[in-house]
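Chain by chain, the residues run as shown.
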Amino acid sequence: MTKKPKYQAPFYGAAYYPEAWPLEQIDEDIRLMKEAGMNVMRVAEFAWARIEPSYESFDFDWLHTVIDKLDAAGIATIMCTPTATPPAWLTEQHPEVLFTFPDGRQVGHGGRRHTCPNNPVYRQHCARITHRMALEFGRDERIIGWQIDNEVAPHYDFGNPKHFFVRACCCKACHANFQAYMKARYGNIQALNRAWCTQLWSQHYDDFDQLPLPDPSVWHHPALLTAWDEFNAHSYIDFVHEQAEILHADTQHRIGTDMMPFPEIDHYAINDGLDIVQYNHYDFREGFRNAAFWMDHMRPIKERPFWNTETATCWAGNVMTTGYSEPGFCRANSWLPIALGGEANLFWLWRTHWAGQELMHGSVLSSCGRPMHIFGEVQEVSKGFRDSADFLNATKPLNTGLALHFNSISHHIFKNQPLQPEFNYTAELMQRWYHPLIQRHYRPDVIGAQVELDAYKLILSPMLPTLEAHDLKARLRAWIENGGIWVAGPLTDIRDQHCAKFRHAPYGVLEEWAGVYGKYQFPGYPRHFTQRWADGAQSEGAIAHDAFEARDAETEVLAWYTENELEGLAAVVRKPMGKGQIVLLGTQPDEQALFKLLATLAADAGVAPVATGDSNILCVPREGAGGEGVILVELDGKPGSCRLPCTGKNLLTGESIDGLVTLPAYGVAVVQYAVN
Amino acid sequence: MTKKPKYQAPFYGAAYYPEAWPLEQIDEDIRLMKEAGMNVMRVAEFAWARIEPSYESFDFDWLHTVIDKLDAAGIATIMCTPTATPPAWLTEQHPEVLFTFPDGRQVGHGGRRHTCPNNPVYRQHCARITHRMALEFGRDERIIGWQIDNEVAPHYDFGNPKHFFVRACCCKACHANFQAYMKARYGNIQALNRAWCTQLWSQHYDDFDQLPLPDPSVWHHPALLTAWDEFNAHSYIDFVHEQAEILHADTQHRIGTDMMPFPEIDHYAINDGLDIVQYNHYDFREGFRNAAFWMDHMRPIKERPFWNTETATCWAGNVMTTGYSEPGFCRANSWLPIALGGEANLFWLWRTHWAGQELMHGSVLSSCGRPMHIFGEVQEVSKGFRDSADFLNATKPLNTGLALHFNSISHHIFKNQPLQPEFNYTAELMQRWYHPLIQRHYRPDVIGAQVELDAYKLILSPMLPTLEAHDLKARLRAWIENGGIWVAGPLTDIRDQHCAKFRHAPYGVLEEWAGVYGKYQFPGYPRHFTQRWADGAQSEGAIAHDAFEARDAETEVLAWYTENELEGLAAVVRKPMGKGQIVLLGTQPDEQALFKLLATLAADAGVAPVATGDSNILCVPREGAGGEGVILVELDGKPGSCRLPCTGKNLLTGESIDGLVTLPAYGVAVVQYAVN
Amino acid sequence: MTKKPKYQAPFYGAAYYPEAWPLEQIDEDIRLMKEAGMNVMRVAEFAWARIEPSYESFDFDWLHTVIDKLDAAGIATIMCTPTATPPAWLTEQHPEVLFTFPDGRQVGHGGRRHTCPNNPVYRQHCARITHRMALEFGRDERIIGWQIDNEVAPHYDFGNPKHFFVRACCCKACHANFQAYMKARYGNIQALNRAWCTQLWSQHYDDFDQLPLPDPSVWHHPALLTAWDEFNAHSYIDFVHEQAEILHADTQHRIGTDMMPFPEIDHYAINDGLDIVQYNHYDFREGFRNAAFWMDHMRPIKERPFWNTETATCWAGNVMTTGYSEPGFCRANSWLPIALGGEANLFWLWRTHWAGQELMHGSVLSSCGRPMHIFGEVQEVSKGFRDSADFLNATKPLNTGLALHFNSISHHIFKNQPLQPEFNYTAELMQRWYHPLIQRHYRPDVIGAQVELDAYKLILSPMLPTLEAHDLKARLRAWIENGGIWVAGPLTDIRDQHCAKFRHAPYGVLEEWAGVYGKYQFPGYPRHFTQRWADGAQSEGAIAHDAFEARDAETEVLAWYTENELEGLAAVVRKPMGKGQIVLLGTQPDEQALFKLLATLAADAGVAPVATGDSNILCVPREGAGGEGVILVELDGKPGSCRLPCTGKNLLTGESIDGLVTLPAYGVAVVQYAVN
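Residue numbers (the working numbering), protein chains in the order written: chain P, 1 to 676; chain B, 1 to 676; chain E, 1 to 676.
To be clear, the hints were calculated from the coordinates, so they are not data collected in a lab.
Beta carbons are placed, not taken as given, at the ideal position from N, Cα and C, and that holds for glycine.
Please note that the accuracy of each hint is not assured.
[To be verified] Just the calculated beta-carbon pair ranges, DEER-fashion:
id: 1; chain 1: P; residue 1: D604; chain 2: E; residue 2: A389; range: 42 to 50 Å
id: 2; chain 1: P; residue 1: N424; chain 2: E; residue 2: S57; range: 44 to 52 Å
id: 3; chain 1: P; residue 1: T562; chain 2: E; residue 2: G659; range: 34 to 42 Å
id: 4; chain 1: B; residue 1: E96; chain 2: P; residue 2: Q252; range: 33 to 41 Å
id: 5; chain 1: P; residue 1: T562; chain 2: B; residue 2: K638; range: 57 to 65 Å
[Claimed, not checked] Cross-link-like lysine-lysine pairs, in silico, DSS-like; alpha carbons within 30 Å at most:
id: 6; chain 1: B; residue 1: K519; chain 2: P; residue 2: K383
id: 7; chain 1: B; residue 1: K638; chain 2: E; residue 2: K69
id: 8; chain 1: P; residue 1: K519; chain 2: E; residue 2: K519
id: 9; chain 1: B; residue 1: K638; chain 2: P; residue 2: K69
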């Protein structure tokens, strides 16, 4: 048996900025943290100027005091590298460390995450401060982990609501690195010319040095724009990995980087080499299912439970308040990451700032140190965490064998080739696939393209335009032939790895795999074409209308188009492949038709809903050394019921459950099943 | 008895641009001016290039001719400094005198008010031409006053409807002056660091030289943005005051500067040291009450009546016409400033330009010299001015003891900390407080924070975030304790002078003064929380929902919240303070509830409505050596009646009034009360 | 009898980009072109880098192969100069050849039509490649014409839907050329100063060198903005004409330039000196009548039939698909230009690109080489062209004596002086005048101001602000006095050639011609004023409300205003002038009133509708050596009938027609009348 760690999950706490307050106030803060039932604080984010007020002159005393006092109260520390906000002495001497606009202008001091990830001076200083902090805190047992920087993202709001725009830095270092990145990818320029068909529009390049940095006002080649997006993601991944290496060398702690639910950077790629998946979100009631989507995407990244490093207690706010939430929100929102496989929930923030950019944000204590209205809910949650900790720590969410593909590559391709007006890949995937799945009590993993497939029996891959990344094509084929059921389309396998169309067929391999000939490809907008299914039901398509002729005896047509030139052509087909089968969707059927089909396929695959009950209840079964059970969270702010397969006990109330659980608005239950 | 001045108020006229027309046309113009009944023309605005066609070569002859001819017809002149439009020989030689965009680009020649207020070369040339004009015209008795420049404003449209944006110049001179301004304000940089909590986000500055000029695309500290806004206002105030000093030294005339109804520059501050408050507005029918708000704000600035230096006769227009108005508009619009305490109404403009930027604007004569459709109304107004001149000149609007606070500081703070989406301080103040007040026939002064309070019995101070400017906190306390009734909140006393929150309480002094403990502060958006009043009435809050516990025996709770965590907490309280009392609003109650409360408070304070009647009639009582009476103006384009407290005579018609006055659409009456 | 040309009209084909595909694929392409019934391909557009991969190293072999193989299949070639897309070796060495933004930044490589039309280096290289191509292909009989560049336009989208903006280059060469252009126009600067009234706002210029390049953020003089727009049009005209001269010197072919339906460049002016009017459009069903408007504008430019060089087969698309069209669209859309006097219809494009910027565009073959769903319609159209070729080639659309003025000058003036919010000259002209005309089966020419008037009996000139260009005033007077009926206004003759108002009257000559005195000019927005007509009917005005007093005994008032100060004044008048008459509209009456009036005038003029029937049928009578007949096209996607004046035969079906023709949705008939 290993030594029990100093602090126990679930971790419950907040972001703490003692540098903004008189140090003598910390004791009162800690008193209230204890009263709130918290056991972790996240510190030093953005505090570079406090830590290093002038070059190579460090002040860590205040931070040691904070850690000491927190620990004395039984509260662990998460340490952050402060690199998102370089000090003024650095930006004054080296303004080039800051972001450059497309017009060549440089951002001034005073923001955050307003730096160039490729600037060598900035990178050197980031490495230096990270190394210095590793030496200072790397062996401190009171620290349970590190957060690198904060919410890195290449495309992001600078915060001024009037000037939302794309953030990718356009300096000469970025341009040169981009050209080098492209050279590394393509090897020689003729390969790029061939892959991009640069004979059109005299786009032929003689050298990588000629590759332009895309200008927002130019009608650029979508492959150039996609490459630029991928390069920007790569820059941040590289930036984070450099800090991770430094920290790993000189600390004993687990390292992560807290990221927002943005698809621009692949969470799987950036977490490769990190230890703890860290995730921030500010979804309110309306976005609970979106938050669940991202958590179902975070969980499969690593075996170890993820951390929800930031979320709101009650509302968000910069210089204005947004997202006021009704009573119970804090409860449901705090349990959501725990239910979905995380082991930590930290609020942003402990005490609202009294000045600065974010002084209207919700928190645990107000700016004048008074408990906010959600304090009672905060305490209720902490008690619940403690009461169910043994069960939580000894169980994990069940894998039901169902996966939904989602990845950054698809986002980049569709961003630069949206195919139809206002097409938003992530939103479509969530609203047309993920939300209805969990409303019907299916429990999917939302997996990146690089994830191993063996653990799954049914994989859904809509809107996955390329199968060429991560060797997915070969891996899918092997998995299907070994018994998997794969649902492909609409808009799957329509591009090669260079964002180009195939020239032999509308798809790379789907015609061959599904035994069809793709006769026509109609757009999904503005006209929705109807289908007739084998049982006579009608459905309405969307997203795309690809129409097939079945060309293989084994190919079964499940639905036919009924209008215009598409009439009589197949819209949905199924074909066996080895021990498995492929289902090819030429269109996105409406929810009723799609889920009638998926129910059949799930049954074939042995994938079952995890409960029976109202669609507003999220049910997450768990199992492990601690037994079996389920966590239930009400998502829509209204009562709801769910029937469980076993009897059990609600660990939060001690009540016995005989199968039917009824939750109030935003209610939560942690049910441990009785041992039969 | 002083010598009777050459020209008598009320002044009635227009802006006149003889430089745009053949000089021989002036006689016909003057013939029509006389026919219209006008007695003043405003000249030389924008005419720098005409006056000084090349450096130090002046041509004043044409202008003397204009003044001579106008005077010969009994028409006075208002002289303008032409500094809003430097000549091409100056901008060619010194392009740096023109505005610089955030990206460093400079505006080209050909606009107006497109200069940098801090550029030393521009300032020298402005001083030079102003001094030269003072020498030329400073002793001319036919001139009744000067206007400095035109519509100075730091945030303003450049005129192109497609490119509305913020105007503050971003040149190096502005940046350096901003840093110097901040140094003068804070003394040393650590004071600024402390006041702004710059430990957050590494915003700590080592020197004022590091202070950035705010970039519109950066997520800046709101205190920096507010300081920048204040600096820009300061730059224009300084620019105007420099010209005022030069003119005062060499003229015998009264000096002013005509400003638009924009809250960016404090009208009280810029008029400090000037002689005549000058005000331009282009409100049409829908905006009559807004215009009244601003005139009620202009009147208290000085003892001397203000001038309405610009308004439209019928519609506005740059290269397109906007604001067509129904018959009667010109009448009501011309009387509005006279009713509210002004002594002049000048149209923009006499004759519509035949070319250039504003050739679609309404006027008195069309571009081809024909009287416009409002010519009859123009004559009717001038006759009315003459017929009631003795009464008007010997009376002034009555001060009823009621004041509403409004100031530029609040605008700047809320602009940079709007607290909730789309919060517009000025619009909220007008729509929720001022409009209902005058619809109920209250007559408020709309006062800046620097105004002495002794003249008032009831002061309303909603949305006044800081009490630290102009020593208002101490002055209010003394005034209340001496018997004043003060209505504070919502959102009053919530920030210190550095735009920061207080750390001891949600307010600076309101908890102490009102005897409450501020338990929760809920936002005003998107959820409106209800209140129950002592008499059982219900109301709906807005703007903010601050909730209190009464902590003083004298504190009387007037309304309680009824929902969520706010339930049972106080929303509105009242407490005696010395001989007076404070009423603290934690929320903005709906109109019905607010005005039920205000009616009670007004009665307590001895502040009464000035008439009884329809809400579309504006009633302004007057008194003075000329007796007593009232001016009535119909604002909504429909008939309306009002009952006056006395009998009297309508000086415009000679009719006797026996208490009830009925006005047609846009009707006006000037009633002199019979001597009892 | 002349030698029969190698290829016969109607020309039917597509844009072909063999450079994007393996050359060996061309045989299969040609097989399918033949199957589609095509007889022309347009090549080399954008292929500069393929033709000249490095400086002065040319590769024409592939292009000769293409022409050879096409010809062998009976398919003619249209050759393009590839100057819209300079190669990377050129833009790398001379970045100044590319477009400069207002902020001085230069566009990078990789777009199209992103060059500066005034840059001398670019112009030299364009001349060089054009000359080289002329030498290479100028005597090739398989080439039936040349297209210069592609869709030149000074104001245009760069293609990124998020960054639509104005394209005019702002480099120093453009600025200097603009000043020289203005000097050439005005001769000396004082003439400009006088014409623009630059005494206002100190806009007086001492030299043309001071004239600013208009900044989008400055409130500029509308005459400056208009001059800048005209200069930009001039730059592109000059650019095209330089290539035309080079081509004419060394080729035997007809030259043209394909332009989009944009009013920025006068199609009459740019085609002056060219041989073939070439026109591109992407109007879908909703825009069929707009397309007809432009084709009625193209036809009168030259005697020779125009070419519809680009249109869509089914939908448009860059990186997203737009404009999906129902079955039959391709048929009606392909016939439209033939019906309206063209002799060619070419699709953009033959085979959808497999990569690059426009890979979602509709075509004849999909990217993988499969016939698209419209292939059957394409074949049907080609068969129809062949079956009716003799009739088409030996007849032309009938001129009915009706003309509607439309020109670029009006566009420029109203763009910079819109007079009222959201006023769009072209849209108003189409929706209020052209659409109702053709729905009532009138057949107008839509003529530029430079067109000779003798061929017409009734000319409609609404919204023609200046009569000073092209000596139109004198030519109109002579034409009216010789018997023409002219409908002028609203907003006609309201500006001089310098975009200024007249100073003697609201119009230049309309008061004199119509015998009226313009008493008031009310705007057309937001208030619509009503009129009463002589027969008692009511109508509602728009666009403008100019009101007259009749001052001539011959002046007949047709309609009077009935509201406000306009009441009793004339809104519409008529007066004889010599043998003709003028009708002056002070306002835009509603459709019913306007067309009641126009019906009377048309009858007076001997201009009759060409058919009786449903408004969804476009009827275009033809006559010539080939006899008489009519082409009918259904425009609204629903059945419709039309009664023809004669019996005849539908050449597409062989059916006899006895007067009544009924068309299905998007149906077409080519009826040759029986010889009586």
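Hint check results:
1. D604(P) / A389(E): 42 to 50 Å: Violated - the Cβ-Cβ distance for D604(P) and A389(E), about 60 Å, lies outside 42 to 50 Å.
2. N424(P) / S57(E): 44 to 52 Å: holds, 46 Å
3. T562(P) / G659(E): 34 to 42 Å: For G659(E) against T562(P), whose Cβ atoms are near 39 Å apart, the range 34 to 42 Å holds.
4. E96(B) / Q252(P): 33 to 41 Å: At roughly 59 Å between Cβ atoms, Q252(P) and E96(B) fall outside 33 to 41 Å, so the hint is violated.
5. T562(P) / K638(B): 57 to 65 Å: holds, 59 Å
6. K519(B) / K383(P): holds, 24 Å
7. K638(B) / K69(E): Roughly 81 Å separates the two Cα atoms, so the pair is violated.
8. K519(P) / K519(E): violated, 68 Å
9. K638(B) / K69(P): violated, 72 Å
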